[in-house]
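Novice: Chains A and B supply the protein sequences, listed in that same order. Sequential numbering from 0 applies to the first sequence in numbering that gives the first Met the number 0. Sequential numbering from 0 applies to the second sequence in numbering that gives the first Met the number 0.
Hints should not be assumed to be uniformly reliable.
To be verified - If you want the footprint, here are the derived chain A segments under chain B, 3+ residues with CB under 8 angstroms:
1) 55 to 62
2) 117 to 130
3) 147 to 160
4) 206 to 215
5) 242 to 249
Said to hold, decoys possible - Some chain A residues near chain B, calculated using beta-carbon distances under 10 angstroms:
6) K27
7) V65
8) V68
9) M69
10) T133
11) G137
12) V168
13) W169
14) Q182
15) L219
16) S255
17) T259
18) K273
19) D275
20) E301
Hints were generated in silico from the structure; no laboratory data involved. Every residue gets a Cβ at the ideal spot worked out from N, C-alpha and C, and that includes glycine.
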Amino acid sequence: MSFFKRLRDAIVQKSEEVTQKFTDGLSKTRDLLVEKVEDLVRRYKKIDDDFFDELEEILITSDVGVNTVMELIDDLRSEVRKQKIENAVDLQPILSEKLVALLKNDEAADTSLNVQDGRVNVILFVGVNGVGKTTTIGKMAHMFKQQGKKVLLAAGDTFRAAAIEQLEVWGGRVGVEVIKQQQGSDPAAVIYDAIQAAKSRQVDVLLCDTAGRLQNKVNLMEELAKVHRVLQRELPGAPHEVLLVLDATTGQNALSQAKTFGQSAGVSGLVLTKLDGTAKGGIVIAIRNELNIPVKYVGLGEGMDDLQQFDPEQFVHALFAGLIQKEEAEAQENA
Amino acid sequence: MAFESLANRLQNAFDKLRGRGKIDETIVNEAMREVRLALLEADVNFKVVKDFVARVKERAVGQEVMKSLTPGQMVIKIVNEELVALMGGNAVGLTMAHRPPTVIMMAGLQGAGKTTTTGKLAKYLQKQNRKPLLVAGDIYRPAAIKQLQVLGEQLGVPVFTLGDQVSPVDIARQAIEHAKTNHLDVVLIDTAGRLHIDEALMDELKQIREVTKPDEILLVVDAMTGQDAVNVAESFNSQLELTGVVLTKLDGDTRGGAALSVKAVTGKPIKFAAMGEKLDALEPFHPDRMASRILGMGDVLSLIEKAQASVDEEKARDMERQMRQGEFSFDMFLDSMQQLRNLGPFEDILGMLPGMNKMKGKMNVDEKQIARVEAIAKSMTKAERANPDLLNANRRKRIANGSGTSIQEVNRFLKQFEEMKKMMKQFSGAADKMVKKSKKKGFAGLPFMGKGGGNNQGGMNFPFNFKPPFK
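This is chain A alone, in the form it adopts within the complex (with noise of 0.2 angstroms):
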């Protein structure tokens, strides 16, 4: 069975509804990831350095990462000595492959969320300034609401304007409440409030918001330490997951976001946001190749319901759509 039909297969068992999604939403990578690479191999007949140079820039601008490719590259380059490949052709399923693998190259990691029934279930979220926290945090209260959990916001980032008062729009949208302070005030006292509050009124989930930050920020990467240190002690075993939210569209400084935030803020999955409007999917391979943290949530659009659990599988056949359809027509064909 060929390698493109087993992974359609494994979706098959999907709901249709987030494949979709997913394809919609990476359209933008596939067009500048996939449709390139085929392209360029129906160019190239023969395999030479013209044509690995060519594929290492259509994978560098994916923003791949420069370490990835050139590892990716160089393992290519051997494949086609031991198995003299000649054509370009024969050379796409095991760089197809290749990716599905760097995606997945730990299974054993769970994307899904640390949340379990019958405790206060805590979140914290943090990452620079800009990425999306905010957001994000609304659209998870949405789909915990939609589970039928109680949820509870805490207003963590006490330092942007009006960041509160965007949370308090989100909370009155999804209908949940929002513990805060003042502007200003100190971030670890608004999360002791509401982590009290969230123990008195038993609800599900706590999501805490946190000011954007940069991660060469001394100050406040300690700052993020303390919130931290105060989950801990007010409830222990929380906060239940720290996530960092990264945007899709920045560059190599994502692997330094999630390296710093990952040592000092005990970060335990990633979200990335804005996927969907622009062609730079690849960041996501260069994380998992390079880093142990695994991608838990995708923003695959702007509406309420665009936040999707990150699942490897999809993501490749989102990318591959267009080869799998072709094969699968082949397929036909012959029969």
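Starting from the known structure of chain A, arrange chain B on it as the hints suggest.
Specialist: Frame of chain A; chain B shown alone:
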């Protein structure tokens, strides 16, 4: 990260190429491979890199090598010059209308920092005795209007809003009338973040432009943007005809290759750089600083270059002689601090030294800490500076008061200073041998390169565990 070793790899590549009088193609190719990787790692767009590398190659082949440089360094010198040239000469200010009000329109993706930048621009204009008006044109994002109002309040700048039910085009039109009647001379229009492929929202921007005829249309770009920066800039530029770019979040550790990409595809100048969270953290953009940041290896060459230019050779030799005799006074310390300062921010200088890149993350280079140390030294009398033994408890107390620090801090500094002095002695012995081996006199002449004890990595602050740049 892979990049840490780049400066070292480059150095190795260059070592092989020493002693050739002219730059030939092999040298260029070798060096350009590293340059290419450096630029790509910095998120410069692939196509931009390709063009750039081709152009530099053409210029570099056949060049005479300057006396003090190796051929490889010469190539990097050319690269740097080309980068600066590409990024545009000097900082360009804002265009002001002949008849007020001047209209400035902001545009960009979500989360680039438009609203914050709008506030910062208002502050900048205020300082130039202008009277800005903030216009809340982002009616989509929750609380965006409120955000602008809060900023306006902090700055004491009026904010024009019609709520979130009126179209941004109408808001903009009425805002200009409002500015005219209230004698406000600059109108800053904040707009909602949008994807460059969102046609409906791009049309809205075009309409705002039609109605307000802005003197400036500024694209706000997150310095961390990856390869997509080109597409964003290209499409905003083709639809709106930008007049300039503001680069935000440059205070992060991104190398900011997006700056180069944006400049290369739009040809529009980068007018401002946002360097922090406070409202006054907006600076005119400096192409040369950005160039060496993107390249990430202004290191070898530019350190030599800058060191030669800014270290007073005479003084250095004087200091070296004194040091060799085991004398090291606070005066010399202040001098060497000043000379290092002239080279640029400490963190950058660290990055410039081959092999130091690795240390960069681990060491806490706290500029404030350095400033405190300087303050302590400056609070001493002349006599004290020349002779640290004078410093008794009373004097220390006075120094602590004078420099706004505590006695503990003064004591700590004095102790570190003693250690440094010891290290200097050891080091000057070692340096003698080094000088004979290496021709890089630029480094040997640099005072203040104390040798860090191997056991205190990361724990202490910058000036005191500085490793000498020799291999």
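Novice: Now, for every hint given, state plainly whether the structure supports it.
Specialist: So, going through the hints one by one against the coordinates:
As drawn, the region 55 to 62 of chain A meets chain B at 5 residues by the rule of a beta-carbon pair under 8 angstroms; at three or more, the given contact holds. Figure legend: the region 117 to 130 of chain A, annotated as covered by chain B; annotation consistent (4 residues with Cβ-Cβ distances under 8 angstroms, at least 3 required). Counting residues of the region 147 to 160 of chain A whose C-beta lies closer than 8 angstroms to any C-beta of chain B gives 3; at least three are required, and the coverage claim holds. Residues of the region 206 to 215 of chain A lying with their CB closer than 8 angstroms to a CB of chain B number 3, which satisfies the three-residue condition for coverage.
For the region 242 to 249 of chain A, the stated coverage by chain B is satisfied: 3 residues place a CB nearer than 8 angstroms to a CB of that chain, which reaches the threshold of 3. Evaluation of the K27 of chain A hint against chain B yields a held restraint, the C-beta minimum of about 8 angstroms falling below 10 angstroms. The beta carbon of V65 of chain A is positioned within 10 angstroms of a beta carbon in chain B (closest approach about 5 angstroms), and the interface hint is therefore held. The closest approach between the C-beta of V68 of chain A and any C-beta of chain B is roughly 9 angstroms, which is under the 10 angstroms cut-off, so the hint is satisfied.
The closest approach between the C-beta of M69 of chain A and any C-beta of chain B is roughly 8 angstroms, which is under the 10 angstroms cut-off, so the hint is satisfied. Given hint, T133 of chain A at the interface with chain B, holds; its Cβ is 8 angstroms from that chain's nearest Cβ, closer than 10 angstroms. The interface hint given for G137 of chain A is met, as the beta carbon of that residue sits about 8 angstroms from the closest beta carbon of chain B, less than 10 angstroms. The interface hint given for V168 of chain A is met, as the beta carbon of that residue sits about 3 angstroms from the closest beta carbon of chain B, less than 10 angstroms.
Checking W169 of chain A against chain B by beta carbon gives a least distance of about 6 angstroms; that is within 10 angstroms, so the hint holds. Restraint check, Q182 of chain A versus chain B: the minimum CB separation of about 7 angstroms is within 10 angstroms; hint holds. Nearest Cβ of chain B to the Cβ of L219 of chain A: about 9 angstroms, under the 10 angstroms cut. The hint holds. With 10 angstroms as the threshold, the beta carbon of S255 of chain A comes within range of chain B, its nearest partner Cβ sitting at about 6 angstroms, so the hint holds.
For T259 of chain A, the interface hint holds, since its Cβ comes within 10 angstroms of a Cβ in chain B; the closest pair sits about 8 angstroms apart. Interface restraint check for K273 of chain A: the shortest CB-CB distance to chain B comes to about 7 angstroms, inside 10 angstroms, so the restraint holds. Interface restraint check for D275 of chain A: the shortest CB-CB distance to chain B comes to about 8 angstroms, inside 10 angstroms, so the restraint holds. Interface restraint check for E301 of chain A: the shortest CB-CB distance to chain B comes to about 9 angstroms, inside 10 angstroms, so the restraint holds.
Checked against the numbered hints above, the structure breaks none of them.
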